[in-house]
Amino acid sequence: MPYRTDIAYLYDGSFEGLLCCVYESYYQKELPSMIFNYEEAQETLFPVKEIVTDRTAAKKVEYSIGQSISKGALRLVRLCYFSHMAEREVTILNFLRMGYKIGPRVTNMLAHDTVRAITKTAQNVASESHFYKEFLRFSEYNGVLVAIIEPKNFVLPMTSPHFCDRFPSEQFLIYDKTHKVAFVYQNGEKRLIPLEGFELPEADAEEKQYRALWKRFYNTIAIEGRSNPKLRMGNMPKRYWAHMTEFME
Amino acid sequence: MDILEKLTILTDAAKYDVACTSSGVDRKGAPGSIGNAAACGICHSFSADGRCIALLKVLMSNACVYDCSYCVNRKSNDVPRATFEPRELAELMIQFYRRNYIEGLFLSSAVVRNPDYTCEQMIEVLSLIRNTYRFRGYIHVKAIPGADDKLLTALGLLADRMSVNLELPSHDSLKLLAPDKSRESILVPMGRIKTGIHENRTDLAKYRNTPRFVPAGQSTQMIVGATPETDYQIINLSAALYKKYELKRVFYSAYMPVMTGRNLPSLDTKPQLLREHRLYQADWLLRFYQFDATELLDEKNPNFNPLIDPKCNWALNHYDFFPVEVNTAPYETLLRVPGLGVIGAKKIIRARRMGSLDFPDLKKMGVVLKRAQYFITCRGKTALGLPSNPEAVLRGLLSEQGAALAQPPMEQFSLFDHTDSTKEDLVKCLTGQI
Ligand code: SF4
Numbered sequence: 005m006p007y008r009t010d011i012a013y014l015y016d017g018s019f020e021g022l023l024c025c026v027y028e029s030y031y032q033k034e035l036p037s038m039i040f041n042y043e044e045a046q047e048t049l050f051p052v053k054e055i056v057t058d059r060t061a062a063k064k065v066e067y068s069i070g071q072s073i074s075k076g077a078l079r080l081v082r083l084c085y086f087s088h089m090a091e092r093e094v095t096i097l098n099f100l101r102m103g104y105k106i107g108p109r110v111t112n113m114l115a116h117d118t119v120r121a122i123t124k125t126a127q128n129v130a131s132e133s134h135f136y137k138e139f140l141r142f143s144e145y146n147g148v149l150v151a152i153i154e155p156k157n158f159v160l161p162m163t164s165p166h167f168c169d170r171f172p173s174e175q176f177l178i179y180d181k182t183h184k185v186a187f188v189y190q191n192g193e194k195r196l197i198p199l200e201g202f203e204l205p206e207a208d209a210e211e212k213q214y215r216a217l218w219k220r221f222y223n224t225i226a227i228e229g230r231s232n233p234k235l236r237m238g239n240m241p242k243r244y245w246a247h248m249t250e251f252m253e
Numbered sequence: 236m237d238i239l240e241k242l243t244i245l246t247d248a249a250k251y252d253v254a255c256t257s258s259g260v261d262r263k264g265a266p267g268s269i270g271n272a273a274a275c276g277i278c279h280s281f282s283a284d285g286r287c288i289a290l291l292k293v294l295m296s297n298a299c300v301y302d303c304s305y306c307v308n309r310k311s312n313d314v315p316r317a318t319f320e321p322r323e324l325a326e327l328m329i330q331f332y333r334r335n336y337i338e339g340l341f342l343s344s345a346v347v348r349n350p351d352y353t354c355e356q357m358i359e360v361l362s363l364i365r366n367t368y369r370f371r372g373y374i375h376v377k378a379i380p381g382a383d384d385k386l387l388t389a390l391g392l393l394a395d396r397m398s399v400n401l402e403l404p405s406h407d408s409l410k411l412l413a414p415d416k417s418r419e420s421i422l423v424p425m426g427r428i429k430t431g432i433h434e435n436r437t438d439l440a441k442y443r444n445t446p447r448f449v450p451a452g453q454s455t456q457m458i459v460g461a462t463p464e465t466d467y468q469i470i471n472l473s474a475a476l477y478k479k480y481e482l483k484r485v486f487y488s489a490y491m492p493v494m495t496g497r498n499l500p501s502l503d504t505k506p507q508l509l510r511e512h513r514l515y516q517a518d519w520l521l522r523f524y525q526f527d528a529t530e531l532l533d534e535k536n537p538n539f540n541p542l543i544d545p546k547c548n549w550a551l552n553h554y555d556f557f558p559v560e561v562n563t564a565p566y567e568t569l570l571r572v573p574g575l576g577v578i579g580a581k582k583i584i585r586a587r588r589m590g591s592l593d594f595p596d597l598k599k600m601g602v603v604l605k606r607a608q609y610f611i612t613c614r615g616k617t618a619l620g621l622p623s624n625p626e627a628v629l630r631g632l633l634s635e636q637g638a639a640l641a642q643p644p645m646e647q648f649s650l651f652d653h654t655d656s657t658k659e660d661l662v663k664c665l666t667g668q669i
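Those protein sequences? They're chains L and H, same order as listed. According to our numbering, the first sequence is numbered sequentially starting from 5. According to our numbering, the second sequence is numbered sequentially starting from 236.
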């Protein structure tokens, strides 16, 4: 029986919700032309079907991806889900359908458009997550460390565990300005909190002193005879500079 | 003297040291402590020269009692002197680390009073950081040549990596420019570190709680361009160091003429950056591409061709090795194709299991063909319209690089200038096209 394609899915925007879309598509033999969530309400000519998030179904799908395709495929899908790729849900669905048909080899089929799109996007998310491990800067306010980031993708789930492992005894807050979410780590507890706006407060004397020391170190360590702005820009794209202490006023 | 001024002097004095990688150990965080270490290394910033900043790289002191003529810190030079208090340095480092400015510490020092005293001061800094602040991140320390064995061991137990600078590529050059140091005073601690690592490994196997002795291994650095050694001598020396002392890395540093001296190149000498770059490329070939030093150069051709990279150079001299069929060649053979890196070769191996590959497939997969196309076939066919004899290939390669060659070397080869960190080693260079 041919799959029905003249339909759109509406889900709650969570990863589990997306897995439920996969579940629905599989069992109802539907291939939605669009999948979107409540926040990005879209115009569509197709009838819209609301997919209710069901944890058990989501778990089943997650398990089956690991089993029938591979752990690597699951990782790719998860990274893509956090990306800002256009139509990421439909692409993920198509990728998984291929995967269920072909098996673990699917991740090697880099010549296929969907696989390539998924792989590229996942790499992009992974690399942005890594960049923030490098370029994120904390300032201290009364013993609490605070940072602001402005990522294209939603990197907090990938980036924050690194800082929790690194600073188990600290309290810190990382504010994602793009997605308006704060990650808070306090007494070993981790929380994601929606937060409309947030700016760094005025630094105290000690904080100012460390900023000045760091800037001085940064400027002194460069070797004049080898100045190479292009290389610097290549390694450290300019869009990260705005929140880095060494480039602050 | 305030700490800002000290930091300025002691950073300035340390900046010519090129080794600044934070990689080689994986250590998770632990409750009640601060820090962890990632084997892949993490860069935290890039300075105006494009180099990675991973570690707080400073000298303990620049008040040297020695007089090496290539060095700004030598006794007879008139420069401002400073020395960190151990406490002050430890606190500074930890505060930088908390703010995610750095990945750890790279501590070196001029010889203050004598080698033993210097070493003791450094031990104090490290033990404050490790034991008082309970820091589990990365520390690289320079062994001080001439210091007591026991002190070196104590230092090594607190650090992740220890290195001794070879300084100059030959015995004669060392005698000429660094009269207070001898080849022995450098090689002895190097050998000592190697033995230390070995003994530690056996101890670790026996007793579970043995502290780790420099778990990330040792590295060294030499200055090129201050003395007359050829590339052939240098690369052979590196190969021997990798074998004999089991070094993790050899760093090369183009001589920067900051000093005048009887035996030194004149001040207007340009640093040999392109040469340094070629040495790094060759070093890569030794470490990751299974090349032998003697394959790359010989006594008749003792220096690298400035126009093309060492791998291309080798390929053009071994043209009968090519073309390589991408659908059947083993991994080691693919690695020898100019323009094909470790990642490119692995991609090919993976993808060809799915079916045979042609040129458009390679392109789609993101394999860079610019140089590789001259040396490979797909299903027995060469890329369309390409020449097939060495001279023509060289001409082809150079004409593609021709425009770039008109620019100054640093610009042109900036793509490869990832000499500072092993993260880049892995992520960028390997994807790149050595
Ligand atoms: S020992 Fe030689 S190279 Fe080292 S700081 Fe002193 S003068 Fe410079």
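Treat the hints as calculated values from the structure; they're not laboratory data. Backbone N, C-alpha and C fix where the C-beta goes; we use that ideal spot for every residue, glycine too. Each hint should be verified, as a subset may be incorrect.
Taking lysine-lysine and the DSBU-like style, the derived pairs with C-alpha atoms no more than 30 Å apart in a straight line are [as the list claims (entries may be wrong)]:
#1 K234/L with K105/L
#2 K479/H with K242/L
#3 K75/L with K605/H
DEER-style ranges, computed between Cβ atoms [as the list claims (entries may be wrong)]:
#4 I584/H with P241/L: 42 to 52 Å
#5 Q71/L with N538/H: 36 to 46 Å
#6 R522/H with F50/L: 51 to 61 Å
#7 D237/H with F19/L: 45 to 55 Å
#8 E20/L with D261/H: 25 to 35 Å
#9 R588/H with K64/L: 24 to 34 Å
#10 M252/L with E534/H: 13 to 23 Å
Status of the hints after comparison with the structure:
1. A distance of roughly 45 Å separates the Cα atoms of K234/L and K105/L; the hinted pair therefore is violated under the 30 Å criterion.
2. For the suggested pair K479/H and K242/L, the alpha carbons sit about 43 Å apart, so the restraint of at most 30 Å is broken.
3. Note on K75/L and K605/H: the hinted pairing is violated, with a Cα-Cα distance of about 34 Å set against a maximum of 30 Å.
4. Taking the beta carbon of each, I584/H and P241/L are about 31 Å apart, not inside 42 to 52 Å as hinted.
5. The supplied range of 36 to 46 Å is broken by Q71/L and N538/H, whose beta-carbon atoms lie about 57 Å from each other.
6. Taking 51 to 61 Å as the suggested C-beta distance range, the pair R522/H and F50/L conforms, at roughly 57 Å.
7. The hinted range of 45 to 55 Å is satisfied by D237/H and F19/L, whose Cβ atoms lie roughly 52 Å apart.
8. Look at E20/L against D261/H: about 31 Å separates their beta carbons, and that is inside 25 to 35 Å.
9. In this structure, R588/H and K64/L meet the distance hint of 24 to 34 Å, their C-beta atoms being roughly 30 Å apart.
10. The supplied range of 13 to 23 Å is broken by M252/L and E534/H, whose beta-carbon atoms lie about 55 Å from each other.
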